[in-house]
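Novice: Sequence:
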Amino acid sequence: MLIRPSLNKVRTGVTIQNAEVTMISSSINFTGGYGVNLNVGKAILNKVEIVHTGNDSADLIKARGKGSKLVF
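Numbering (full-length UniProt numbering), first residue to last: 1 to 72.
Since the hints were derived computationally from the structure, they do not count as laboratory data.
Any given hint could turn out to be false.
[Stated by the list, open to error] Taking lysine-lysine and the DSS-like style, the derived pairs with C-alpha atoms no more than 27 Å apart in a straight line are:
id, residue 1, residue 2
1, Lys-42, Lys-69
2, Lys-66, Lys-42
3, Lys-62, Lys-47
4, Lys-66, Lys-47
5, Lys-69, Lys-47
6, Lys-9, Lys-62
7, Lys-47, Lys-9
8, Lys-42, Lys-62
9, Lys-9, Lys-42
Construct all of the structure, not just a fragment, from the sequences and the given hints.
Specialist: So, in C-alpha cells, the structure goes:
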C-alpha cells in the first residue's frame, strides 16, 4: 500500500506485475510512455492524480493480461 507518494518528473510511472497495489492520495507526474502499467494483477487507485508532461503522446494507464483489474 502506498499512501501519499509523489512521483515527480519521472520518465515512466509505476509498473505492477503479478501483484496487487493500492495507492491513496497520490500523484504521478511523468514524461515518458505511461503513468501506470498493469500487467496481470490488481491496481486500486484512490484519489490518484496522473499527469503527463512530455512532448509525445502517452498512456495514462495501461492494463493487459488475463485477469488484470483496475479499481478507481
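Novice: Would you mind marking each hint as holding or not holding in the structure?
Specialist: Consistency of the hints with the structure:
Between Lys-42 and Lys-69 the CA atoms are separated by roughly 5 Å; this keeps the pair inside 27 Å, and the hint holds. Only pairs whose Cα atoms come within 27 Å are accepted, and Lys-66 paired with Lys-42 is accepted, the gap being roughly 11 Å. For a cut-off of 27 Å, the pair hint linking Lys-62 to Lys-47 stands: about 18 Å separates their Cα positions. A hinted pair counts as satisfied when its Cα atoms are at most 27 Å apart, and Lys-66 with Lys-47 qualifies at roughly 26 Å.
Straight-line distance between C-alpha atoms of Lys-69 and Lys-47 comes to about 17 Å, which keeps the hinted pair within the 27 Å bound. Distance hint between Lys-9 and Lys-62 is fulfilled; the C-alpha atoms sit about 19 Å from each other, no more than 27 Å. Proposed proximity of Lys-47 and Lys-9 is supported: the alpha carbons are some 19 Å apart, at most 27 Å. With a C-alpha separation of about 12 Å, the suggested pairing of Lys-42 with Lys-62 holds against the 27 Å cut-off.
For the proposed pair Lys-9 and Lys-42, the alpha carbon gap of about 25 Å is at most 27 Å, so the pair holds.
Checked against the numbered hints given earlier, this structure breaks none of them.
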